[in-house]
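These protein sequence lines map, in sequence, to chains A and B.
Each position in the first sequence, counted from 1, maps to that position plus 3 in my numbering.
Each position in the second sequence, counted from 1, maps to that position plus 3 in my numbering.
There may be inaccurate statements among the hints.
For chains that are exact copies, the list does not tell them apart, and a pair is met inside one copy or across any two.
[To be verified] Cross-link-like lysine-lysine pairs, in silico, DSSO-like; alpha carbons within 30 angstroms at most:
(1) Lys41 - Lys156
(2) Lys10 - Lys156
(3) Lys203 - Lys429
(4) Lys198 - Lys327
(5) Lys429 - Lys75
(6) Lys409 - Lys198
(7) Lys406 - Lys104
(8) Lys429 - Lys15
(9) Lys328 - Lys104
(10) Lys406 - Lys330
(11) Lys429 - Lys10
(12) Lys15 - Lys156
(13) Lys334 - Lys23
(14) Lys406 - Lys368
(15) Lys327 - Lys16
(16) Lys15 - Lys203
(17) Lys75 - Lys406
(18) Lys43 - Lys87
(19) Lys334 - Lys203
(20) Lys156 - Lys23
(21) Lys368 - Lys94
(22) Lys328 - Lys23
(23) Lys406 - Lys419
(24) Lys352 - Lys41
(25) Lys307 - Lys10
(26) Lys429 - Lys406
(27) Lys41 - Lys406
(28) Lys156 - Lys43
(29) Lys16 - Lys104
Read the hints as simulated data drawn from the structure, not as lab findings.
Okay, here's what each chain looks like letter by letter:
2 protein chains.
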Amino acid sequence: MKEIESKRVLIKKVLEESDKFVGQEGVLVCGWVRSLRKSKHCSFVVVNDGSTQNALQIVVDPAVANYEDISKMITGFCIRARGKMVASQGKGQTIEMVAEKIEIIGTVNDEYPLQKKATSLEFLREVAHLRARTNTISSVLRIRHALSFATHKFFGDRGFFYVHTPIVTASDCEGAGAMFRVTTLPPGDAADFSKDFYGKPTFLTVSGQLEAECLALGLGQVYTFGPTFRAENSNTPRHLSEFWMIEPEVAFCDLDDLAELASDYLQFLIGHVLDHYRPELEFLSTQNQNGDLISRLQAVRAAKFHRVSYTEAVQILEEAMNSKKQKFEFKVYWGCDLQTEHERYLTEKHFMGPVIVTDYPKEIKAFYMKENPDGKTVRAMDVLVPGVGEIIGGSQREDDHQKLVKRIQEMQLHEKDYWWYLDLRKFGGAPHAGFGLGLERAIMYVTGMTNIRDVIAFPRFSGSAEF
Amino acid sequence: MKEIESKRVLIKKVLEESDKFVGQEGVLVCGWVRSLRKSKHCSFVVVNDGSTQNALQIVVDPAVANYEDISKMITGFCIRARGKMVASQGKGQTIEMVAEKIEIIGTVNDEYPLQKKATSLEFLREVAHLRARTNTISSVLRIRHALSFATHKFFGDRGFFYVHTPIVTASDCEGAGAMFRVTTLPPGDAADFSKDFYGKPTFLTVSGQLEAECLALGLGQVYTFGPTFRAENSNTPRHLSEFWMIEPEVAFCDLDDLAELASDYLQFLIGHVLDHYRPELEFLSTQNQNGDLISRLQAVRAAKFHRVSYTEAVQILEEAMNSKKQKFEFKVYWGCDLQTEHERYLTEKHFMGPVIVTDYPKEIKAFYMKENPDGKTVRAMDVLVPGVGEIIGGSQREDDHQKLVKRIQEMQLHEKDYWWYLDLRKFGGAPHAGFGLGLERAIMYVTGMTNIRDVIAFPRFSGSAEF
């Protein structure tokens, strides 16, 4: 005798294959009650099991053995229902269940936090352990899955290898950015690192790029997909102290190839969500001020990505500024770092589509980027998309040993910390390039969510490590 | 004018689709020289690009413009070659290239560590930044990718959602296991955690399970795939301080369903490697004492997984011990933790195939496992495979709020630390179950590698955080 019946069917399957299911008896679904309409003559229980955005309506006739259980039910109850699938008469659904049996698995009481009508996103962050049961957060988490899955499919199909670069590291990828220290020394002890777990100070990684380069120069094409960390005290809706990055790194690849890879990747991600997560996108389009997510995504999916050099981009921005067409908070000049307002002007107003800006001044970029023959710029690129600005940053890497040593010295980094990274240029080196995509930024872009704390299950930021 | 030709073809593609390639001219490959045979009349350059185990032989005729470059080449050089693909006369390959042009991209000199004939696995760990260029480590890393990719495919196809549980946490999953502390306090400072980044002590996670349970009870079926950490000073060939875990968690699932999921998953992983990474398995079979990896894996792929309760397993082991059929270092008795020697006896000698042992004594298992009606055992399972012993551990979770509180108290954990975990049993709870697979253990099993430091690109263990 089995306590639990295992042959439950996902509601996603029932809804997507409704033609096949109509007429079937004894179908079992499990899930959480989203809403209820009760009467003496008949009750309607709307159930969601998390497998998809939409819910299944279950019609319960008083003839059902335990009909009195329905009267106890409220939103949030976990139930199991077995019944016959029939074509639905109501609008908004094509199939519904006529219950043969309905059972309560888990109850809720008045304390259940999600019962309140007004569950703001702010409030939901305080009950992050339960918020995957809400329409908004569950749809965002499904799209998070979709982007992750599409990432593995895109790179896997192209012969890239998924690699795991270290999380705990003794080196600092960019010589910049506050890092978390990892230790087994007792708190408050003298800082005798010889007694620490790794025998020296260690930190949480800010990027897997340098290690990924080692692997690309052996396996050819690799990508990382893992957590990265920044200990900056940026208490903004766009920053987390723990976030996930995807970093492809490709041997025998220059900046042009990389730009093509980045736009192909972005369009593949968007296409995957458009093709497979339409109910989520439709729901999210009703939930925020970004308007119609679907047409915005369709436009980027079909777009040709413009390419423009940083120098040309600065000219465009200066022109806009001088002709008073556009006001910027930050002044634009050759050598300045482009701000989000500048990026958004380029992509939303000037090019009206995605843009790849290349060849930035070397002073504002990291030491490992390949110097152009002009001696002033490096082979960096940023991919800008409407509504967000920069979504991908990458570069061709400096593969000249002497030039790389010079850059490390110029930037006052320590050559000996990079012995292994420099070795890659000494032994069988090859041109190579790579980029990084912040997963959470990509989810915000696709879902239209405006606070990064709502696109990861359990957000980590200054002062907050709950759950 | 492009400096680098982007249309290179992966050697994997050339070898797998040799019928299509034979006769094609102007094919471009890039890679690293694995071996060379030079003569005045003709030279043979064997090149590997990391895309697959096997290399491509390039025949270079002295008529090629820069034939004198060949004389400079040694193993480890990075080259680019363009030529015509022809059917190979030599044995061991079906296709080879007759070079039209061959160029040196990156050289090596006498200091190149991989030139030595005897590059032991121990030595390669010291040059982990270069070892992805070796036959053994590159094949292991490709199988690592294969298992990762197959994981996403298996769960994705079944409607599971990939979720990211936090890496930095204020809670301790099992109330056991040494943890790394994460901090931004300056080393040696007084331990004033109110000034620390998160305002309290935080640690690197040992498991994403508890958070995954929150998500399963909303999305239905989820899995994690991320790094986990143990600060134990276990300097053994089977332990890392940083390793990757896959943890599915399933709502409306009992231990029987879970055992089925685990065996399906394991067989899918093995099938994927057998079907798509045969050259790697063939190579690795020649490299270790495990003998024929392929037939071992084929056997498990086709096997029915035996199921036995812990109590029955102990009887089997006691019988073997008493009948002097088998000597064990550790004595077996009801209540003991099964050691690897016991697990291997069960799977290799008694059942001669994979075994799932269920219903362990509650005293030797974690607080969150569901108690059986006997009051003595819990709904835990371990999956044992020949050659390794335990490869998967899981359980149905305690879904009774009162019983869980009692277990937390009995194990002297703090109820208030688990408020959110307990909430899952208070509000709309459901039976649920999940297991964990250590990725590195699985790779060791599939590849036959005997040191866990050789199955992850940059291993982390006590005293070692290089690269």
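- Query: Taking each numbered hint in turn, which are not upheld by the structure, reported in ascending numerical order?
  - Reply: 1, 4, 6, 9, 10, 13, 15, 16, 19, 21, 22, 24, 27 and 28
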